[in-house]
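Chains L and S, in that order, are what the protein sequence lines are. What the first sequence shows, in the working numbering, is residues 73 to 355, in sequence order. What the second sequence shows, in the working numbering, is residues 73 to 355, in sequence order.
In short, the hints are calculated from the structure, not lab data. Some hints here could point you the wrong way.
What the hints assert, rightly or not - Mimicking DMTMM-like on lysine to aspartate or glutamate, the simulated pairs with C-alpha atoms at most 20 Å apart in a straight line are:
1) Lys201(S) x Glu346(L)
2) Lys99(L) x Glu153(L)
3) Lys217(S) x Asp107(S)
4) Lys139(L) x Glu103(L)
5) Lys125(S) x Asp342(L)
6) Lys201(L) x Glu346(S)
7) Lys201(L) x Asp328(S)
8) Lys125(L) x Asp180(S)
9) Lys201(S) x Asp342(L)
Number of protein chains: 2
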Amino acid sequence: MARTLRLAVLQAAFGDDMTANIATVEKLTREAAKDGAQVILPPELFQGPYFCKTEDTVHFQTAYPWKDHPVVTALAPLAKELGVVLPLSIFERDGQEYYNSLVTVDADGEILGLYRKSHIPDGPGYEEKFYFRPGDTGFKVWDTKVGRIGVGICWDQWFPEAARAMMLMGAEVLFYPTAIGSEPENPSLDTQSRWRRAMTGHAVSNVVPVAAANRIGDEDGQIFYGSSFIVDDGGDFIADMARDAEGFAAATVDLDEVDEHRASWGFFRDRRPELYGRLTGGR
Amino acid sequence: MARTLRLAVLQAAFGDDMTANIATVEKLTREAAKDGAQVILPPELFQGPYFCKTEDTVHFQTAYPWKDHPVVTALAPLAKELGVVLPLSIFERDGQEYYNSLVTVDADGEILGLYRKSHIPDGPGYEEKFYFRPGDTGFKVWDTKVGRIGVGICWDQWFPEAARAMMLMGAEVLFYPTAIGSEPENPSLDTQSRWRRAMTGHAVSNVVPVAAANRIGDEDGQIFYGSSFIVDDGGDFIADMARDAEGFAAATVDLDEVDEHRASWGFFRDRRPELYGRLTGGR
Numbered sequence: 073m074a075r076t077l078r079l080a081v082l083q084a085a086f087g088d089d090m091t092a093n094i095a096t097v098e099k100l101t102r103e104a105a106k107d108g109a110q111v112i113l114p115p116e117l118f119q120g121p122y123f124c125k126t127e128d129t130v131h132f133q134t135a136y137p138w139k140d141h142p143v144v145t146a147l148a149p150l151a152k153e154l155g156v157v158l159p160l161s162i163f164e165r166d167g168q169e170y171y172n173s174l175v176t177v178d179a180d181g182e183i184l185g186l187y188r189k190s191h192i193p194d195g196p197g198y199e200e201k202f203y204f205r206p207g208d209t210g211f212k213v214w215d216t217k218v219g220r221i222g223v224g225i226c227w228d229q230w231f232p233e234a235a236r237a238m239m240l241m242g243a244e245v246l247f248y249p250t251a252i253g254s255e256p257e258n259p260s261l262d263t264q265s266r267w268r269r270a271m272t273g274h275a276v277s278n279v280v281p282v283a284a285a286n287r288i289g290d291e292d293g294q295i296f297y298g299s300s301f302i303v304d305d306g307g308d309f310i311a312d313m314a315r316d317a318e319g320f321a322a323a324t325v326d327l328d329e330v331d332e333h334r335a336s337w338g339f340f341r342d343r344r345p346e347l348y349g350r351l352t353g354g355r
Numbered sequence: 073m074a075r076t077l078r079l080a081v082l083q084a085a086f087g088d089d090m091t092a093n094i095a096t097v098e099k100l101t102r103e104a105a106k107d108g109a110q111v112i113l114p115p116e117l118f119q120g121p122y123f124c125k126t127e128d129t130v131h132f133q134t135a136y137p138w139k140d141h142p143v144v145t146a147l148a149p150l151a152k153e154l155g156v157v158l159p160l161s162i163f164e165r166d167g168q169e170y171y172n173s174l175v176t177v178d179a180d181g182e183i184l185g186l187y188r189k190s191h192i193p194d195g196p197g198y199e200e201k202f203y204f205r206p207g208d209t210g211f212k213v214w215d216t217k218v219g220r221i222g223v224g225i226c227w228d229q230w231f232p233e234a235a236r237a238m239m240l241m242g243a244e245v246l247f248y249p250t251a252i253g254s255e256p257e258n259p260s261l262d263t264q265s266r267w268r269r270a271m272t273g274h275a276v277s278n279v280v281p282v283a284a285a286n287r288i289g290d291e292d293g294q295i296f297y298g299s300s301f302i303v304d305d306g307g308d309f310i311a312d313m314a315r316d317a318e319g320f321a322a323a324t325v326d327l328d329e330v331d332e333h334r335a336s337w338g339f340f341r342d343r344r345p346e347l348y349g350r351l352t353g354g355r
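All chains, full assembly: derive it from the sequences and hints.
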């Protein structure tokens, strides 16, 4: 029997009320589960507005220890109820440190662990270095009941190293929760196609399906462009959302077929790790 | 004054007569130079047919020591005459070893050095592991009179590590001579879009223009699909050839503008080499 997996990406706008935001994700998760989705990806930091637009200490109050985070305590039971895997993006506090983190909940409600965003952006409208300490967990893959998945967080999606590392750890699908939109200081720059091309590149170079979920909405003039998608292991779009639609998109992949494709291409046979020293800081 | 660079990719069919093949490249190089091109990229192994379709010892006779290779001795003077940089793909013999190699000739005719293809494919129609020892030079960038360029060879183009390594060495443009076409044992598989997507991914993830030159023609049923292209540092096509056209395509990039874009994106600021140990064989 084919080892198929149905994936879904969620897309919505989020506001100041964390409870309402969680309810939005719950509603869409139920819809996607009804459609047969087994792994359901909400956007990055759906707990609130994308607060990194500015540098304001008030937002530190919305960070919680990861196991007690309201997003986790509310949605882990939902994962169990629906029998779906949920990679949940959260703003995490650990003692005096704050991280942009992700908790993966398995289809039986078990919390599989924590990943902390490795690559932290910084620039007008995306002032993440003010809030988040760079992640110290290293890249993570999660052995869920429906397959081994790798999850990066937003900015991680631009780094081929992150995708490759998760693949070398055995990931069968890559997921990227995201919050990306317009550039306040450069209104003519639309990054949507670059955003898609970078991850499509990971799909092709690693022969792996890639799913990305982005928010929508106008947050004080910063317009998030949605465009959530899933590409197959050749980079073809198999789910594709508009820039402003709320809802979910789902697609089914055959993990055994992808595995055969990957072996057939031979990229992992032909890698030359002994020549890659530059990538880890060597010369 | 803007530090602009005009690039060209050459596209043609090649047959058994090495002298005729060199003449074809010379003709197209002159045309591209007349159009203002400063770096002109011919396809991979244009010295003859793509002989790796089969495993046949007769082809070893077409390898030469790199400085004495007929392609190099014929075209280095042309580079000088026209004042153009030529990255030249050759079948190299070094004592008992054979390599899929590249010699870069500067715009004054100086031979800058040798790169040996790091990643060697193998499969139906592309039996390169029979002929070529995996390259031992490591990745190379070339300080030419018109900018620092990185050149990979064909299969190298599928590996994000190769692109990243050349970027970390200061490459300002990436070039990939190629020989790719139909799959003899899988006629329904058309790799053209994957081929472009992988390199477009490198362009976006490294904020760098990428140029690829491929051959055309039907070689005993193996159809090479041309489609040579240049993308800018955001992955937009700025030169784009058909699947069957002979000729060249050229585009101009502003290296200072690209440099500013790259710094602005911050990918090289935010890399985490200490987390990339997996890529070099660590755990």
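Do the hints match the structure? See the list:
With a C-alpha separation of about 18 Å, the suggested pair Lys201(S) and Glu346(L) falls inside the 20 Å cut-off, and the hint holds. Under the criterion of a C-alpha separation no larger than 20 Å, the hint pairing Lys99(L) with Glu153(L) is consistent with the structure, at around 13 Å. Restraint check for Lys217(S) and Asp107(S): satisfied, since their Cα atoms lie roughly 18 Å apart, inside the 20 Å limit. For the given pair, Lys139(L) sits about 26 Å from Glu103(L) by alpha-carbon distance, which is inconsistent with the 20 Å threshold.
Proposed proximity of Lys125(S) and Asp342(L) is supported: the alpha carbons are some 18 Å apart, at most 20 Å. Pair hint Lys201(L) plus Glu346(S) holds up; C-alpha atoms about 18 Å apart against a cutoff of 20 Å. Between the alpha carbons of Lys201(L) and Asp328(S) the distance comes to roughly 27 Å, so the proposed pair goes past 20 Å and is violated. Restraint check: the Cα-Cα separation between Lys125(L) and Asp180(S) comes to about 51 Å, which exceeds 20 Å; the hinted pair is violated.
Our distance criterion of 20 Å between C-alpha atoms is met by Lys201(S) and Asp342(L), whose separation comes to about 10 Å.
Figure legend: structure checked against the earlier numbered hints; hints not met, in rising order: 4, 7 and 8.
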